[in-house]
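Protein chains in written order, with UniProt numbering: chain D, 1 to 172; chain L, 1 to 172; chain R, 1 to 172; chain Y, 1 to 172.
Calculated from the structure, these hints are not laboratory results.
Do not take every clue at face value.
Stretch-level coverage of chain Y by chain D, calculated; a stretch enters the list once three of its residues show a Cβ under 8 Å from a Cβ in chain D [claimed, not checked]:
# : stretch
1 : 9-19
2 : 62-76
3 : 79-93
4 : 99-111
Remember, predicted model here, so these are calculated numbers, not experimental data.
Just so you know, even glycine gets a beta-carbon here, dropped at the ideal spot from N, CA and C.
4 protein chains.
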Amino acid sequence: MTGSTQNCVSEEELYQTTLQWIAKRGVELKEIAELTFFLQKDYLPSLTLEECLENVKQVLKKREVQNAVLTGIQLDMLAERRQLEEPLLDMLVRDEGLYGIDEVLSMAILNVYGSIGLTNYGYIDRVKPGVLKRLNDKHDGEIHTFLDDIVGAIAASASSRLAHNRKQAPPD
Amino acid sequence: MTGSTQNCVSEEELYQTTLQWIAKRGVELKEIAELTFFLQKDYLPSLTLEECLENVKQVLKKREVQNAVLTGIQLDMLAERRQLEEPLLDMLVRDEGLYGIDEVLSMAILNVYGSIGLTNYGYIDRVKPGVLKRLNDKHDGEIHTFLDDIVGAIAASASSRLAHNRKQAPPD
Amino acid sequence: MTGSTQNCVSEEELYQTTLQWIAKRGVELKEIAELTFFLQKDYLPSLTLEECLENVKQVLKKREVQNAVLTGIQLDMLAERRQLEEPLLDMLVRDEGLYGIDEVLSMAILNVYGSIGLTNYGYIDRVKPGVLKRLNDKHDGEIHTFLDDIVGAIAASASSRLAHNRKQAPPD
Amino acid sequence: MTGSTQNCVSEEELYQTTLQWIAKRGVELKEIAELTFFLQKDYLPSLTLEECLENVKQVLKKREVQNAVLTGIQLDMLAERRQLEEPLLDMLVRDEGLYGIDEVLSMAILNVYGSIGLTNYGYIDRVKPGVLKRLNDKHDGEIHTFLDDIVGAIAASASSRLAHNRKQAPPD
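Based on the sequences and whatever the hints tell you, model everything.
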């Protein structure tokens, strides 16, 4: 960010585009909401999947989150089409261990709701429940190096948002 | 954050306490608003000090910001009363160059409004306009090792908030 | 960091002090090394506890890490002695869910070795193996609101350091 | 980072590639060293440009820094060739004010040397001395939305590295 201050896309358009890009990559918002539910169900007995879904949507309305989603998905798609240059292409195709820019984008998402989402993000990124397992299967030629981390970060941020609104912490 | 999920202090009380701690340390919200105005005046000709002040107040309503303010001011006060142990005390009293936890707390504030406030924070922390100059004068025995960074971070965050609301970027 | 540029404590002294503070709070470096071993054993079959311990020590030689350790332990001790003011005292004593400055300090540790340690940090902070379980038991009057997160961050950073040195990623 | 742990490119090759990409985009390491010199000259009277250059090179040997440089430059080049999709393309071409992923990558660089480089980064990003002014001129069709922030972050990190090695803080 160092330049022009005029926006050409409306806020609502940017939100809708973000939802479309996520759908286009095969992820349903409901699946992200299920991750949030997985993270919180033992701590908030009255929690519903609908409430999780609503919080996921609110997270996706934040501009910083949209920026990270669009940039990450763009890089995944370019890697799939082999339109990145080496050695970057190889790092993304192999989801290389020492390449941490995917986590860096996830942090940008998590930070919007404060530091309390960090733990939940790390936990589901390692345990890989639900949609995260599918995104990590690499046998079908699809590349989700960024998206799997981003989906985890959105789910963890929705947990933080729930916690802040209920004045109750997410589990960790 | 790893534990109890019940809050004993209401949201409004916590906000009021945060304002009191800042006032107790000799900083007026108007002075923070002036920093925001300083950062933005060349880019938003119609900007008023009142609008800056309103944005400063909204920043201070965020829980993550309150946590950082209370923790930082507490450490400043303990350093003033020599109630910290060495070598930590000496680092804070001298505002030592390689001690960066004050910047770490500032980042926690800045991140809430996304990465676009970073530049403004760095700029005023070096140029030290207005209240920042006073907080850095060390001749009076007061210690503001944390507060000067925190005040800069609040002002820069208010700039980011302004930019997001006007759909217009803060200058950098 | 905004001020004096002269150091009064030598680098070696600061390292030794950091070790002493950790020991004084009842944590052995070997216990931190065990967390690193727990995180990596399935991925690096030849890994030894000694190698983990060596990496933990190297992490603790970083100035940014030392700053976070000393600041966090100081706040824990002040909370134990009830020398912090309300409402901050209560947040730390209860390890309140919406207080995230402990995670903020942990991030300062993790960032030194890049973003790849994030996941491991989140994972052990939730699973709480070994020493982390003990630090979270609150029945004995001790307060480790900061230390438990810091110990997890040191262990995860040692994992990242291992990964970078072996040119091999930590698991996640 | 969630996957393969084998590296196909040697550490030295990755360093050399990083230098080539920076050169290909029209930036000389000497110009980055001049930014570091600009930041530090008033505080370290004996400082030479050679010492700054050496510190810039050491910063560029860090894997996290290389990841950020390659990813950022790749995105700049794709934007120049119009190979990104809308609305992302437009944000990068216009260097849009509310797009902060360039700052997010810069933070990943800065964090490796701790929080003390933050202020210097923000300062030169706003004052835009030397090469930063050239990178921000948009009249020639070149796009450096990421590179200008990255160059500033490398220069500020080299300042932090200098400070840590001389046990003396960078100015702020």
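Hints and how they fare:
For the stretch 9-19 of chain Y, the assignment as covered by chain D holds, since 4 residues bring a beta-carbon within under 8 Å of that chain's beta-carbons and 3 suffice. Counting residues of the stretch 62-76 of chain Y whose CB lies closer than 8 Å to any CB of chain D gives 8, so the stated coverage by that chain holds, three being the minimum. Evaluation of the coverage hint for the stretch 79-93 of chain Y: fulfilled, as 7 residues show C-beta separations to chain D shorter than 8 Å, against a requirement of three. Counting residues of the stretch 99-111 of chain Y whose C-beta sits closer than 8 Å to any C-beta of chain D gives 9, which meets the bar of three, so the coverage hint holds.
The earlier numbered hints are all upheld by this structure, with none contradicted.
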